[in-house]
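Here are the chains, one letter per residue:
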Amino acid sequence: DTAVSQTPKYLVTQMGNDKSIKCEQNLGHDTMYWYKQDSKKFLKIMFSYNNKELIINETVPNRFSPKSPDKAHLNLHINSLELGDSAVYFCASSQPSGTGGSNEKLFFGSGTQLSVL
Amino acid sequence: AQSVAQPEDQVNVAEGNPLTVKCTYSVSGNPYLFWYVQYPNRGLQFLLKYITGDNLVKGSYGFEAEFNKSQTSFHLKKPSALVSDSALYFCAVRVSGFQKLVFGTGTRLLVSP
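Protein chains in written order, with the working numbering: chain A, 1 to 117; chain B, 118 to 230.
Here chain A stands alone, though its shape is the one from the complex (with noise of 0.2 Å):
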């Protein structure tokens, strides 16, 4: 009874591919992120919704678009992949101040691993 879930666990593909990976909540949160972490482990924050809407987007190349059907879902889709893309990517749900509940405490996949070679 997974929490965050995200498909594929793990990515093997080409450069200059499209892929997409898919995450799902089932915590009834209404604030979702996609998180990169690099091979030094360094964790940076990519987009965030809130309740399908982009609220964060960190300067990432629009060959990255994320997509929120509804606020149970966020995928992330990327365009003409590059050695750089290689990466875990982690999806993460948390829900926001005043509703009962705090977005201070994110709850994590457990990430895609992406390689591109």
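Everything labelled a hint here was simulated from the structure, so no lab data went into it.
Using N, Cα and C, we set each Cβ at its ideal position, and we do this for glycine too.
Be careful, since some hints might not be right.
As the list claims (entries may be wrong) - Non-contacting residues of chain B with respect to chain A, defined by C-beta distances greater than 12 Å in every case (computed):
1) Val-144
2) Ser-145
3) Gly-146
4) Tyr-153
5) Gln-155
6) Asn-158
7) Leu-165
8) Asp-171
9) Lys-186
10) Gln-188
11) Ser-190
12) Val-219
13) Thr-222
14) Pro-230
To be verified - Derived Cβ-Cβ restraints for the label pairs, each shown as a range:
15) A/Thr-13 x B/Pro-196: 42 to 48 Å
16) A/Ser-20 x B/Asn-172: 42 to 48 Å
17) A/Glu-82 x B/Asn-147: 37 to 43 Å
Use these hints to put chain B onto chain A, whose structure you have.
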């Protein structure tokens, strides 16, 4: 801009000994401070947070952290380390009014038997 620094890439401690993982922060407003732990091939898990109130906060798995405003620090501590505590630990900060959580670079904790 808000930021956190974790000055140690790795901390080594023997099982049963106390452990400290250091974190300092830099923000222009009131900080909300957090510790997360990452086990191999897993996502991050929340350990504890400081929002306001008592400077010593207690969290999961026997961990605690002390907020020190004058030293702008939020060090993670545990009185007696376990081998199973070996993992990657991240400090994070959020400024009141902002949605974004900024993470430190992580500290690997290695507890030897």
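Here is what the structure says about each hint:
1. For B/Val-144, the shortest C-beta to C-beta distance to chain A comes to about 14 Å, beyond the 12 Å cut-off, and the non-interface label holds.
2. At roughly 18 Å from the closest C-beta of chain A, the C-beta of B/Ser-145 stays outside 12 Å, upholding its exclusion from the interface.
3. Listed as a non-interface residue, B/Gly-146 keeps its Cβ farther than 12 Å from every Cβ of chain A; the least gap is roughly 15 Å.
4. At roughly 8 Å from the closest C-beta of chain A, the C-beta of B/Tyr-153 falls inside 12 Å, breaking its exclusion from the interface.
5. Remark: the non-interface label on B/Gln-155 conflicts with the geometry, its nearest Cβ contact in chain A lying 8 Å away (cut-off 12 Å).
6. Here B/Asn-158 does not stay apart from chain A, with its beta-carbon only about 7 Å from theirs, under the 12 Å limit.
7. Under the 12 Å C-beta cut-off, the non-interface status given to B/Leu-165 relative to chain A is violated; the minimum distance is some 10 Å.
8. For B/Asp-171, the shortest C-beta to C-beta distance to chain A comes to about 16 Å, beyond the 12 Å cut-off, and the non-interface label holds.
9. Interface exclusion of B/Lys-186 from chain A stands, the closest Cβ pair being 18 Å apart, more than 12 Å.
10. With 12 Å as the threshold on Cβ separation, the claim that B/Gln-188 sits away from chain A holds: the shortest Cβ distance comes to roughly 22 Å.
11. Taking the minimum C-beta to C-beta distance to chain A, about 19 Å, the non-interface status of B/Ser-190 holds against the 12 Å cut.
12. Once the 12 Å rule is applied to beta carbons, B/Val-219 is inconsistent with being away from chain A; the minimum gap is 8 Å.
13. Not every C-beta of chain A lies more than 12 Å from that of B/Thr-222, the closest at about 6 Å, which undercuts listing it as non-interface.
14. The non-interface label for B/Pro-230 is consistent with chain A: the shortest C-beta to C-beta separation is roughly 24 Å, beyond 12 Å.
15. Distance hint check for A/Thr-13 and B/Pro-196: the Cβ-Cβ separation is about 47 Å, which falls inside the suggested range of 42 to 48 Å.
16. The beta-carbon spacing between A/Ser-20 and B/Asn-172, approximately 45 Å, falls within the hinted interval of 42 to 48 Å.
17. Here the CB-CB span from A/Glu-82 to B/Asn-147 is close to 39 Å, well matched to the stated 37 to 43 Å.
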